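Quick note, the sequences are listed as chains F, L and R, same order.
Be aware that the first sequence starts at 0, since it is given in numbering that gives the first Met the number 0, and climbs by one per residue.
Be aware that the second sequence starts at 0, since it is given in numbering that gives the first Met the number 0, and climbs by one per residue.
Be aware that the third sequence starts at 0, since it is given in numbering that gives the first Met the number 0, and climbs by one per residue.
No lab work stands behind these hints, which were simulated from the structure alone.
Careful, some of the hints might be misleading.
To be verified - In silico contact screen, one side only, chain L against chain R (beta carbon under 8 angstroms); selected entries:
| id | residue |
| --- | --- |
| 1 | 7 |
| 2 | 94 |
| 3 | 119 |
| 4 | 213 |
| 5 | 256 |
To be verified - In silico negatives: residues of chain L with every beta carbon more than 10 angstroms from chain F:
| id | residue |
| --- | --- |
| 6 | 0 |
| 7 | 36 |
| 8 | 54 |
| 9 | 57 |
| 10 | 97 |
| 11 | 135 |
| 12 | 154 |
| 13 | 227 |
| 14 | 251 |
| 15 | 257 |
| 16 | 272 |
| 17 | 277 |
Keep in mind that this is a model prediction, so the values were computed, not measured.
Note that the Cβ used here is the ideal one computed from N, Cα and C, for glycine as well.
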Amino acid sequence: MIATILDDLPLRERIALAVLLAFLVALPSVASDYWLSVVLIILYFAYVGQAWNLMMGIAGQLSLGHALYVGLGAYTAAALYVHFQLPPAIGLFVSMLIAAGAATVIGLLAFRFGIGGVYFALLTIAFAEFTRLAFSHFEWVGAMAGFFLPVENRAESDLINLRGSPVMFYYVILTLGVAAAVLVRLLAASRLGYYWLAIREDQEAAQASGVNTFAYKMIAVTISAAMTALGGVFLAFYYNNLFPSDIFGIHRSIEIILAPIIGGLGTFFGPVFGAFVLGLLGEGLTSAVEQTGIQTAGVKQLVYALVLLVIIKFVPGGLWPRVARSMGLGRRRDEP
Amino acid sequence: MSFEFVANVAIGGLLTGLVYALMALGLSVIFGVIRVVNFAHGEMAVLAMFAAFLLHQATGLDPVYAIPAVAAGLFVVGYLMQRHLVAPFVTRPEHEQFILLLAVAVLTTNGLLIVFGPEARGVILDYSFDSYAIGPLIIDKTKAIAAVTAFLAAMGLLLFFRYTRTGKAIRACADNLTGAQVVGMNVQRLYALTFGLGLACVGVAGCLLILIVEATPVLGPELTLLAFIIVIVGGLGSLAGALFGGVLIGMSEALAGIVVSPSMKSMVSFALLIVVLAVRPEGLLGKRRA
Amino acid sequence: MSRTTRDDRTGTRLAVTRRQFNLALGASAAALAAPAYLRHAIAAGPLKVGCLAPLSGFFAREGQGCKRGFDLAGPMLADMGMPVEIMIADTESNPDKARTAAEKAISDGAQVLIGTFVSGETAAVAQVAEQRGIPHVINIAAAPQITEQGYKFVFRNFATGPMLVKNGLGLIKELFVATGTTPKTAVFMHVNDTFGTAMQKGVGALFPKMEMPFEIVETIAYDEKAKDLSVEVAKAKATGAEILLPVSHGADAIMLVREMVKQRWEPMGIMTPGSPGVYEQQFYKTLGKYSEYVIANVPWIDPNKAMSKTLAEAFAKAFPDDMLELNVGFSFEALLIAADAHKRAGSADPTALADALRATRIDEHVMVGGPIQFNEKGQNVNIQSATLQNLDRQPKVVLPKASAAAEPVFPMPGWNDPKRA
Chain F
0 MIATILDDLP LRERIALAVL LAFLVALPSV ASDYWLSVVL IILYFAYVGQ
50 AWNLMMGIAG QLSLGHALYV GLGAYTAAAL YVHFQLPPAI GLFVSMLIAA
100 GAATVIGLLA FRFGIGGVYF ALLTIAFAEF TRLAFSHFEW VGAMAGFFLP
150 VENRAESDLI NLRGSPVMFY YVILTLGVAA AVLVRLLAAS RLGYYWLAIR
200 EDQEAAQASG VNTFAYKMIA VTISAAMTAL GGVFLAFYYN NLFPSDIFGI
250 HRSIEIILAP IIGGLGTFFG PVFGAFVLGL LGEGLTSAVE QTGIQTAGVK
300 QLVYALVLLV IIKFVPGGLW PRVARSMGLG RRRDEP
Chain L
0 MSFEFVANVA IGGLLTGLVY ALMALGLSVI FGVIRVVNFA HGEMAVLAMF
50 AAFLLHQATG LDPVYAIPAV AAGLFVVGYL MQRHLVAPFV TRPEHEQFIL
100 LLAVAVLTTN GLLIVFGPEA RGVILDYSFD SYAIGPLIID KTKAIAAVTA
150 FLAAMGLLLF FRYTRTGKAI RACADNLTGA QVVGMNVQRL YALTFGLGLA
200 CVGVAGCLLI LIVEATPVLG PELTLLAFII VIVGGLGSLA GALFGGVLIG
250 MSEALAGIVV SPSMKSMVSF ALLIVVLAVR PEGLLGKRRA
Chain R
0 MSRTTRDDRT GTRLAVTRRQ FNLALGASAA ALAAPAYLRH AIAAGPLKVG
50 CLAPLSGFFA REGQGCKRGF DLAGPMLADM GMPVEIMIAD TESNPDKART
100 AAEKAISDGA QVLIGTFVSG ETAAVAQVAE QRGIPHVINI AAAPQITEQG
150 YKFVFRNFAT GPMLVKNGLG LIKELFVATG TTPKTAVFMH VNDTFGTAMQ
200 KGVGALFPKM EMPFEIVETI AYDEKAKDLS VEVAKAKATG AEILLPVSHG
250 ADAIMLVREM VKQRWEPMGI MTPGSPGVYE QQFYKTLGKY SEYVIANVPW
300 IDPNKAMSKT LAEAFAKAFP DDMLELNVGF SFEALLIAAD AHKRAGSADP
350 TALADALRAT RIDEHVMVGG PIQFNEKGQN VNIQSATLQN LDRQPKVVLP
400 KASAAAEPVF PMPGWNDPKR A
């Protein structure tokens with residue numbers, strides 16, 4: 000299996016990957032709590048960006064409502080834990096199932112009725128907003144007042160119940176991120192991956208050659224949703240509180256897609272790179288703004304948006320392909 | 000539940016719907032002709048709202064009279080935006096268009112936040128507390144004025160597209176781009192004009208919106224979404240569709256607020272969008288695209 | 000200004016830049032002016048307090064009010080021999096940002112947290128405080144569940160939703176007795192956010208038990224982001240109720256009254272059972288004569304207490320264009336409580352501070368009500384409300400009679416009644 004994953008990677012890239020991984024594994028022992036939490040969130044965005052990339056890169060559908068799956072995953076596992084004492088280690092399967100179900104409905108609507116492009120994007124937004132409003136009135140999980148998990152001792156690590164220190168959560172998301180990357184690579188190298196490649200390159204030709212495009216697009220969409228839901232479970236137990244206006248919000252959906260698009264859509268490492276760039280940029284901006292003593296709100300976001308504008312205008316394919324080339328890491332074969 | 004109650008609510012919804020319809024009209028023009036996903040549409044409306052607010056603060060000008068200035072201003076913004084920023088993105092993939100306009104939207108929102116602060120800003124005129132009583136019906140005066148003006152502006156736009164040369168040229172680009180290029184139309188210029196026109200529409204809508212709603216810098220995304228829903232439900236490329244869609248959404252949301260808790264009434268528009276996309280994606284008054 | 004701080008575990012230095020000085024008030028100058036012997040009494044220097052408030056975003060106006068309370072506390076507490084070092088952070092009206100701000104404040108050395116005004120945010124901050132074992136004194140937040148979690152480090156010096164409702168409904172009963180008129184029906188409207196739903200639950204639970212002389216014929220919830228309340232007001236008008244009990248914030252309070260005028264609905268009175276919004280400057284400015292006679296039953300600054308007078312003077316000097324209201328008062332009191340505990344504990348050790356907080360008893364303070372004390376859940380149950388009525392474009396205390404500055408007016412004159420100036 001390792002061979003498949005690292006198959007087409009030249010030695011240079013393998014070393015680079017190893018170095019990065021070693022750095023990330025060692026980080027908790029040298030970084031402060033603050034930096035740990037920053038990198039943790041970066042890894043989260045790298046993870047969900049990877050999951051979103053699956054829907055975008057393969058099914059070719061721009062989902063602007065991915066927060067729907069995060070929210071569904073988060074609330075499901077949290078509710079099962081608080082109301083039924085079901086540990087998240089088991090609850091996460093229910094979460095993934097429910098998210099996959101939602102994605103199936105959306106996928107059916109989209110692919111059966113031929114809704115694509117901006118219409119599909121709006122459909123995903125509508126579903127996310129609708130669910131947000133629904134949860135705002137859903138008393139069983141706190142409605143607008145929010146849903147709170149009981150806060151417990153942070154020192155011991157309880158993986159089954161996802162209770163523990165930030166360091167534990169860090170390793171959990173790191174593992175998830177690596178697992179997601181491995182999964183995506185394996186899928187890409189599999190038969191499924193080649194069908195996906197065919198659909199992405201030329202859907203009509205694929206259809207004509209007898210590939211069941213509908214089925215494979217649905218598979219991509221449901222896997223993407225399930226993976227994202229897992230990220231939601233992580234968030235619920237890391238943050239210990241959930242608010243519908245927050246977790247289903249359109250700003251969350253936008254956050255999710257920024258990293259993969261800035262990093263490089265359709266590339267394997269793009270979402271990861273994008274997540275690091277955006278995360279560090281955000282923190283850097285906050286510090287810089289504070290240094291200048293500017294108290295007005297909005298300055299950081301303004302600069303953020305300017306950077307986005309510049310990137311999309313001049314480097315629309317994403318930053319990673321350019322950076323990789325200059326680092327001599329070369330372009331990989333097309334990856335989902 | 001009395002007749003007056005339902006009728007008053009329905010009329011209120013109809014009137015507000017007309018103003019939102021005008022805003023959506025601008026989007027229909029832009030999206031229908033250039034096929035660019037203007038995700039900064041709502042933010043442009045908010046910009047117009049603040050412009051009208053500023054004029055009122057400075058000169059006491061009623062936003063309705065500020066329309067020529069604001070519309071002209073937004074026309075220029077739209078023209079320049081298309082010409083210098085958006086033009087290369089017309090042929091690029093949707094997600095890139097989206098990111099570009101998203102960046103513009105966030106820039107606008109935060110620019111407004113820095114200049115005006117987060118507080119809601121409204122315009123109070125001497126008729127802001129008035130209403131017309133027609134029999135059992137009570138009609139909000141500012142809403143009535145806003146709605147009538149919106150309707151007239153929409154009619155003006157319709158006439159422009161139907162009877163003027165430029166209007167017809169723009170429609171030609173929308174219907175058959177290659178054909179238009181073949182006959183020698185300056186498509187780039189026409190696109191810029193279209194974007195300008197679309198935003199001018201939004202400019203008018205913004206002046207009217209500030210009469211009935213308070214402006215906050217963060218109102219943008221909500222208005223963008225509303226504009227898209229109206230355009231899709233009403234029918235892309237159909238100006239009458241945008242008007243119809245606006246009125247439909249306005250009224251159904253208002254009436255839904257009677258039946259369910261008003262805090263849920265926005266769910267109606269989303270549900271409507273989903274149903275229309277599934278059942279009749281070209282919109283209720285749209286023409287099926289070949 | 001920048002400061003280096005040592006990371007406890009590994010000795011790594013990280014540059015940290017998160018301190019705000021109260022420029023106009025020169026808090027540091029005041030602290031330095033404290034006599035030497037007092038400085039020794041305060042172990043290890045002034046107490047570092049992380050003050051969190053929504054300085055931007057949806058609740059920016061109220062958050063700025065809280066900040067004014069924080070700003071005034073610095074010099075006043077220094078004068079009382081209890082200097083504090085105030086680190087102000089913006090929660091951006093967002094629970095996520097509030098959580099991060101709390102974590103950052105603690106990393107920067109905050110020994111006590113104060114905040115945040117928004118119930119949802121406060122609950123998130125309370126979780127962080129409890130997990131990290133740093134005391135959290137809540138200046139304003141009404142959601143009752145925050146003090147029902149069995150936390151050991153969280154203390155609330157504000158009324159819970161149920162407390163606000165109980166006090167409010169009690170005052171409303173008194174109002175009808177004082178003015179000799181009693182309505183038979185009421186409609187209850189509330190904003191559908193954490194605060195609004197907490198109040199609605201409070202009303203639901205307490206109303207039946209309080210033997211109120213009127214009945215609530217309908218409850219109407221509206222979206223916190225609603226741009227237009229015409230449907231909601233139409234619904235309320237259609238009930239034919241004689242009074243309106245709104246629970247809202249600032250901008251929606253203005254929208255409500257404006258709609259009522261437009262739709263020609265003139266109930267006998269508008270009185271909040273415990274929510275703000277109707278005594279803010281923007282309310283008076285926008286509504287003019289229509290703002291008169293609206294009533295709010297809220298905790299308020301006691302005009303007769305000595306410390307209140309000092310605070311009012313300092314406020315008038317520092318902020319001549321703003322109004323002294325409950326956000327300022329409670330934010331000041333929160334710092335007073337923290338500083339007082341620090342003095343009694345003699346150290347800034349979090350557990351010692353928490354124990355000292357638990358034993359708090361402050362007789363001299365600013366808000367209406369008995370001494371500041373916390374029960375076993377960390378809740379101060381001595382907080383009282385007062386009835387404020389908008390008269391001459393100002394909130395005047397009309398009940399309880401002992402603190403009253405004017406006579407209550409009920410029923411209120413119609414919208415176009417010449418009595419409205």
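Hints, verified against the model:
Checking residue 7 of chain L against chain R by beta carbon gives a least distance of about 6 angstroms; that is within 8 angstroms, so the hint holds. Nearest Cβ of chain R to the Cβ of residue 94 of chain L: about 25 angstroms, over the 8 angstroms cut. The hint is violated. Hint on residue 119 of chain L holds. Least Cβ distance to chain R is approximately 5 angstroms, under the 8 angstroms limit. Interface hint status for residue 213 of chain L: upheld, as the beta-carbon distance to the closest one in chain R is roughly 7 angstroms, under 8 angstroms.
Checking residue 256 of chain L against chain R: minimum C-beta separation of about 4 angstroms stays under 8 angstroms; hint holds. For residue 0 of chain L, the shortest C-beta to C-beta distance to chain F comes to about 22 angstroms, beyond the 10 angstroms cut-off, and the non-interface label holds. Separation of residue 36 of chain L from chain F is inadequate, the least Cβ-Cβ distance of about 5 angstroms not exceeding the 10 angstroms criterion. Every C-beta of chain F lies more than 10 angstroms from that of residue 54 of chain L, the closest at about 23 angstroms, which supports listing it as non-interface.
Under the 10 angstroms C-beta cut-off, the non-interface status given to residue 57 of chain L relative to chain F holds; the minimum distance is some 22 angstroms. The claim that residue 97 of chain L lies off the interface is violated: its Cβ sits roughly 7 angstroms from the closest Cβ of chain F, which falls inside the 10 angstroms cut-off. For residue 135 of chain L, the requirement that its beta carbon stay farther than 10 angstroms from each beta carbon of chain F is met, with the minimum near 33 angstroms. For residue 154 of chain L, the condition that its CB be more than 10 angstroms from all CB atoms of chain F holds, with the nearest at approximately 28 angstroms.
Remark: the non-interface label on residue 227 of chain L conflicts with the geometry, its nearest Cβ contact in chain F lying 5 angstroms away (cut-off 10 angstroms). Annotated as non-interface, residue 251 of chain L keeps its C-beta farther than 10 angstroms from every C-beta of chain F; the closest such distance is 15 angstroms. With 10 angstroms as the threshold on Cβ separation, the claim that residue 257 of chain L sits away from chain F holds: the shortest Cβ distance comes to roughly 17 angstroms. Against chain F, the non-interface label of residue 272 of chain L is violated: not every CB pair exceeds 10 angstroms, the least being about 5 angstroms.
The beta carbon of residue 277 of chain L sits about 5 angstroms from the closest Cβ of chain F, which is not more than 10 angstroms, so the claim that it is off the interface is violated.
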